[in-house]
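Colleague: Sequence:
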Amino acid sequence: MTTQSGTTEVTREPGRSEARGNGFDEIYILWISEGMSCDGDTVSMTAAGQPGIEDLVAGLIPGLPRVNLVNKVLSPSLGGEDFLAPYRAAARGELSPFILVIEGSVPNQNIIEGDGYWTSFGNDPDTGEPQTLNWWIDQLAPKAWAVVAAGTCATYGGIHAMAGNPTGCMGLADYLGWDFRSQGALPVVNVPGCPIQPENFMETLIWVLYHAAGAAPPPPLDHMLRPQWLFGKTVHEGCDRAAYYEQADFAKDYNSPKCLVKSGCWGPVVNCNVPKRGWMAGIGGCPNVGGICIGCTMPSFPDAFMPFMDEPTGGALSSALLKPYGAVIRRLRGLTSVAVNREPKWRHNGPELTTGYDPHWRA
Numbered sequence: 001m002t003t004q005s006g007t008t009e010v011t012r013e014p015g016r017s018e019a020r021g022n023g024f025d026e027i028y029i030l031w032i033s034e035g036m037s038c039d040g041d042t043v044s045m046t047a048a049g050q051p052g053i054e055d056l057v058a059g060l061i062p063g064l065p066r067v068n069l070v071n072k073v074l075s076p077s078l079g080g081e082d083f084l085a086p087y088r089a090a091a092r093g094e095l096s097p098f099i100l101v102i103e104g105s106v107p108n109q110n111i112i113e114g115d116g117y118w119t120s121f122g123n124d125p126d127t128g129e130p131q132t133l134n135w136w137i138d139q140l141a142p143k144a145w146a147v148v149a150a151g152t153c154a155t156y157g158g159i160h161a162m163a164g165n166p167t168g169c170m171g172l173a174d175y176l177g178w179d180f181r182s183q184g185a186l187p188v189v190n191v192p193g194c195p196i197q198p199e200n201f202m203e204t205l206i207w208v209l210y211h212a213a214g215a216a217p218p219p220p221l222d223h224m225l226r227p228q229w230l231f232g233k234t235v236h237e238g239c240d241r242a243a244y245y246e247q248a249d250f251a252k253d254y255n256s257p258k259c260l261v262k263s264g265c266w267g268p269v270v271n272c273n274v275p276k277r278g279w280m281a282g283i284g285g286c287p288n289v290g291g292i293c294i295g296c297t298m299p300s301f302p303d304a305f306m307p308f309m310d311e312p313t314g315g316a317l318s319s320a321l322l323k324p325y326g327a328v329i330r331r332l333r334g335l336t337s338v339a340v341n342r343e344p345k346w347r348h349n350g351p352e353l354t355t356g357y358d359p360h361w362r363a
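In this text, residue positions in the sequence shown follow the working numbering: the first is 1, and each later residue adds one.
No lab work stands behind these hints, which were simulated from the structure alone.
Quick caveat, the model's predicted, so the values are computed rather than measured.
Every residue, glycine too, gets a C-beta built ideally from N, C-alpha and C.
Careful: at least some of the hints might be erroneous.
Stated by the list, open to error - Pairs of lysine-lysine, DSS-like flavour, derived with a Cα cap of 27 Å: (1) Lys262 / Lys233; (2) Lys233 / Lys276; (3) Lys276 / Lys258; (4) Lys72 / Lys143; (5) Lys262 / Lys276; (6) Lys276 / Lys252.
Unchecked claim - The following label-pair restraints were derived from C-beta to C-beta distances: (7) Ala243 / Gly177: 54 to 60 Å; (8) Asp222 / Ile111: 47 to 53 Å; (9) Ile283 / Pro130: 40 to 46 Å; (10) Gly282 / Leu60: 34 to 40 Å; (11) Val269 / Thr127: 54 to 60 Å; (12) Asp310 / Glu113: 50 to 56 Å; (13) Ile283 / Ala243: 19 to 25 Å; (14) Asn349 / Pro62: 54 to 60 Å; (15) Asn123 / Pro220: 39 to 45 Å; (16) Tyr254 / Glu352: 41 to 47 Å; (17) Val269 / Gly49: 27 to 33 Å; (18) Ile112 / Glu54: 37 to 43 Å.
Based on the provided sequences and hints, a complete structural model is requested.
Modeller: Below is the structure:
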């Protein structure tokens, strides 16, 4: 399967690419961002640098299959049916293998009475009627070698799935079923984030591609189908401000460099590696730059973390329990700090050597 510059026209008989050992030497990535979303995950993904999406599609990463990326933001196509050609080929079973990436939450079409739809992707060639996101997922997910959910909206529903929403939105695993398995025997691979941290997504995608090439095992996922190595620790465990928490030294306003827990930060219970990884080129990460963690990578976001600026549930109790311990530790460390902030007495410009050195000493 090949593409021509500036178009997504299929130029040879579609089908399964040549296999390299137990893997593939060519694969498509069909990215649909027509879920309920802002396209922020696609925009964030373009900021990745280790590796960048350019490195992937240019074939600069050793050992990976050749990758044909189809994404509306990055496509050279003029759009319309030209852009949709690979998706339609995949829906007919004529394009294989491919990875399906969904961006945005999945609305519930079943709650609509009468005509109408929540979100669509192209029109039916025969009737001219909009084809819903749900239709495309139904057609493509069972045929996909792997299915990846990009961002919190696609993984767990996100903002659009909060209490009171009229769309019945949900995450991709809620829609397909948590026991769903792709053609590559993988569950939905969830990469949450609002938006995704660029390197988190690219690192996960690279792992899936190495698995497709037969060069790596399946990516290890936790019970919420997140990559374990990325979401196995909390924000607090990687936060620059965590030591202030231990000392019960809390910020009273957002200009303070101290722990932000009493200002609304949920870092101690949120699974996310952004404080360690940074946001772009290792720089940033919400608490690192003075922003509270609002739990945007979590399945219960946003409902469980609102109102965002209020002290988290249990924050008053945990900080009260820490207060006497933290006060003692802070004072003891203060005494030690005074001691280690002095130079030894033998560092002087006097006429005597007072370091304790004995030139005549023998073992």
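Colleague: Taking 40 to 46 Å as the stated bounds, is the beta-carbon spacing between Ile283 and Pro130 within them?
Modeller: Given about 41 Å between the Cβ atoms, the range holds.
Colleague: Is Lys72 within 27 Å of Lys143, Cα to Cα?
Modeller: Roughly 21 Å separates the two Cα atoms, so the pair holds.
Colleague: Given a hint of 50 to 56 Å, does the C-beta separation of Asp310 and Glu113 actually sit inside it?
Modeller: With a Cβ separation near 38 Å, Asp310 and Glu113 fall outside 50 to 56 Å, so the hint is violated.
Colleague: Within 54 to 60 Å: is that where the Cβ-Cβ distance between Val269 and Thr127 falls?
Modeller: violated, 49 Å
Colleague: Quick one, are Lys262 and Lys233 close enough, alpha carbons at most 27 Å?
Modeller: holds, 21 Å
Colleague: Using the beta carbons of Asp222 and Ile111, state whether their distance is inside 47 to 53 Å or not.
Modeller: The hint (47 to 53 Å, Cβ to Cβ) is violated, given that Asp222 and Ile111 are roughly 30 Å apart.
Colleague: Under the criterion that the straight-line Cα-Cα distance not exceed 27 Å, is the pair Lys276, Lys258 satisfied?
Modeller: holds, 17 Å
Colleague: Does the Cβ distance between Ile283 and Ala243 fall inside 19 to 25 Å?
Modeller: holds, 21 Å
Colleague: Measure nothing beyond the straight line between the CA atoms of Lys262 and Lys276; if it is 27 Å or shorter, mark the hint as holding.
Modeller: holds, 21 Å
Colleague: Just tell me: holds or violated, for the beta carbon distance of Val269 and Gly49 against 27 to 33 Å?
Modeller: holds, 30 Å
Colleague: Using the beta carbons of Ile112 and Glu54, state whether their distance is inside 37 to 43 Å or not.
Modeller: holds, 40 Å
Colleague: Please work out if Lys233 and Lys276 have their alpha carbons no farther apart than 27 Å.
Modeller: Answer holds: Lys233 to Lys276 is near 10 Å, not above 27 Å.
Going down the numbered hints, you'll see the structure goes against 7, 8, 10, 11, 12, 16, while the others check out.
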